[in-house]
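The chain contents come next:
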Amino acid sequence: MELRISNFLKPDAVIMEMHATEKLEAIRELVDFMVGKNIARNREQLFEALAKRENLESTGIGEGIAIPHARTDAVDDLVLVFARSSAGIDFSSIDGKPSHIIFLIASPENKKSEYIIALAKLSRLLRKLPVREQLRNATNPQEVINIIKSNEE
Amino acid sequence: MKTGEINSLEFNRVLLYLVDNTDRTISTPVIQLCKIFKSHLFVLFVLEEHRISKLASLTRENIELTRQRFEEEGWEMLYLVEDEAVENGVRTSLHMENGQVTRLIKKYVENYKINLILVRKREETKKIFVSAAVPVMGL
Numbered sequence: 001m002e003l004r005i006s007n008f009l010k011p012d013a014v015i016m017e018m019h020a021t022e023k024l025e026a027i028r029e030l031v032d033f034m035v036g037k038n039i040a041r042n043r044e045q046l047f048e049a050l051a052k053r054e055n056l057e058s059t060g061i062g063e064g065i066a067i068p069h070a071r072t073d074a075v076d077d078l079v080l081v082f083a084r085s086s087a088g089i090d091f092s093s094i095d096g097k098p099s100h101i102i103f104l105i106a107s108p109e110n111k112k113s114e115y116i117i118a119l120a121k122l123s124r125l126l127r128k129l130p131v132r133e134q135l136r137n138a139t140n141p142q143e144v145i146n147i148i149k150s151n152e153e
Numbered sequence: 001m002k003t004g005e006i007n008s009l010e011f012n013r014v015l016l017y018l019v020d021n022t023d024r025t026i027s028t029p030v031i032q033l034c035k036i037f038k039s040h041l042f043v044l045f046v047l048e049e050h051r052i053s054k055l056a057s058l059t060r061e062n063i064e065l066t067r068q069r070f071e072e073e074g075w076e077m078l079y080l081v082e083d084e085a086v087e088n089g090v091r092t093s094l095h096m097e098n099g100q101v102t103r104l105i106k107k108y109v110e111n112y113k114i115n116l117i118l119v120r121k122r123e124e125t126k127k128i129f130v131s132a133a134v135p136v137m138g139l
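Chains A and B, in that order, are what the protein sequence lines are. For what it's worth, the numbering used here labels the leading residue of the first sequence as 1, then goes sequentially. For what it's worth, the numbering used here labels the leading residue of the second sequence as 1, then goes sequentially.
For reference, chain B alone in the conformation it holds in the complex (with noise of 0.2 Å):
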């Protein structure tokens, strides 16, 4: 594909779905990518019961701090990719939700009007790029 043909996409509605394990340096591509696309970017971080006790199983904590620690680092990723967003111009909103994140994501896709999904490639995001309704691509 040329750049060209590139540029011809519209992807004016970029989400970003961020897992607690993504590792933070996967800002700077994002935002380079809504800057070339004008993108508003729409930045999600999803409460999963099921992660979060499986992670105080593993760490043997009180299950109420690790949902604690859990949204604490959530919305500390969400607002590093904001203060990147913000240095480069891009328009951002931040969204923390509790609930699954296939459902969460098809409500994104429609009540959003999304039209390319970003996600670090890992076991569990898989699922998004089977089941989604825009074109995902994984960074």
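Extracted from the complex, chain A is given alone in its bound form (with noise of 0.2 Å):
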């Protein structure tokens, strides 16, 4: 069966403004928030496998987005958070813009083809002009939901 992004996405998973102004205050936050939503069991782990990756890597993919993902057993089952910010987080993103839409993804260590086909449908997906206005303009977590399922399909 094809992998659906919006099949686990949950609207207890979505950040509608988040506080943080540069990235690893961002993944803090986006870690303290999955862990107390029992997204995620285990903070540290969580939070270093995902700061290793924007040590090496960044995830900010360009006009105005970032992917921060991980393979860490500090979860259970393949998850995403949607994360938005009007004043914009700094990614070091490929054209220095800032994100104000993040989307993490996290995944056990075991679940890797999921994992890799998780990032490529939402990557695709996210260089659409038309899916990132809706999701800056959405006003609640069930329509950011929506917003990626009607453009899945």
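None of these hints come from the bench; they were simulated from the model. Some clues are possibly wrong.
[Said to hold, decoys possible] Okay, the calculated beta carbon distance ranges per label pair:
{"hint": "1", "chain 1": "A", "residue 1": "M16", "chain 2": "B", "residue 2": "K38", "range": "38 to 44 Å"}
{"hint": "2", "chain 1": "A", "residue 1": "D73", "chain 2": "B", "residue 2": "F129", "range": "39 to 45 Å"}
{"hint": "3", "chain 1": "A", "residue 1": "E143", "chain 2": "B", "residue 2": "L58", "range": "36 to 42 Å"}
{"hint": "4", "chain 1": "B", "residue 1": "P29", "chain 2": "A", "residue 2": "P98", "range": "35 to 41 Å"}
{"hint": "5", "chain 1": "B", "residue 1": "L55", "chain 2": "A", "residue 2": "S86", "range": "36 to 42 Å"}
{"hint": "6", "chain 1": "B", "residue 1": "L9", "chain 2": "A", "residue 2": "K10", "range": "48 to 54 Å"}
{"hint": "7", "chain 1": "B", "residue 1": "K54", "chain 2": "A", "residue 2": "D73", "range": "40 to 46 Å"}
{"hint": "8", "chain 1": "A", "residue 1": "R4", "chain 2": "B", "residue 2": "P29", "range": "30 to 36 Å"}
{"hint": "9", "chain 1": "B", "residue 1": "I36", "chain 2": "A", "residue 2": "E143", "range": "46 to 52 Å"}
{"hint": "10", "chain 1": "A", "residue 1": "E44", "chain 2": "B", "residue 2": "L55", "range": "44 to 50 Å"}
{"hint": "11", "chain 1": "B", "residue 1": "G99", "chain 2": "A", "residue 2": "P130", "range": "19 to 25 Å"}
Keep in mind that this is a model prediction, so the values were computed, not measured. Note that CB positions come from ideal geometry on N, CA and C, so glycine has one too.
Grab the two chains, each in its own frame, and use the hints to assemble them into the complex.
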């Protein structure tokens, strides 16, 4: 069965406005949120996996989008978290622009294939300008999920 | 060329150009090479309209669906290379572009100060060996 991003994104995994202003602070905020919502188990393990990747590469893919991601056993299944920042966060994007839409993807070590497919599908989706605009204008978590769902079809 | 001579070369910014039919085993030698030279690896996949049209006509698939599949497969290749690079401590950046390959490679060489290009030897990558302004290594 084909993997659908919208099946992995839940309303309680959406942050409509982030407080963080810089990359590692944003990762910390996302990790704390995930542990608080029982989306992830081990705070430090998850933070370290995400921070390691951020230090080796920019997960800011440009056009105001960042996709921090990691394979780690701090999560039990493939998980997605959507977050938005009106002010923008410096994710050292390839185009130098701040990131306003942040999608975090984490998966257990043994789910590499699912994880790669999810990253690929999300990256393709977020290259589309109308999708980015809709996500920036969404007013609630369910609307965020509906935007992803309708654009996947 | 002796090992010492290889190490004295500076390949600190390496561009890996992936085409849609690149087999996925390419990442291992590329990453080993980047580890030796302590290189920053730039990985590029290009959405070429003529290749997408050709593929759509061969498979008799809707062109929009072909484009979508082509791009997703490209991202998968990029993220697979990245996953292995991160495990090996190699700095990486992923790039998905629309346009004409030789023009894009020229732009990358200039903008990112690339000093080595790596490609799988294929009919469609021959033009890079001829046109590139920096050394090109076929794998």
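What are the numbers of the hints that this structure violates, sorted from low to high? none
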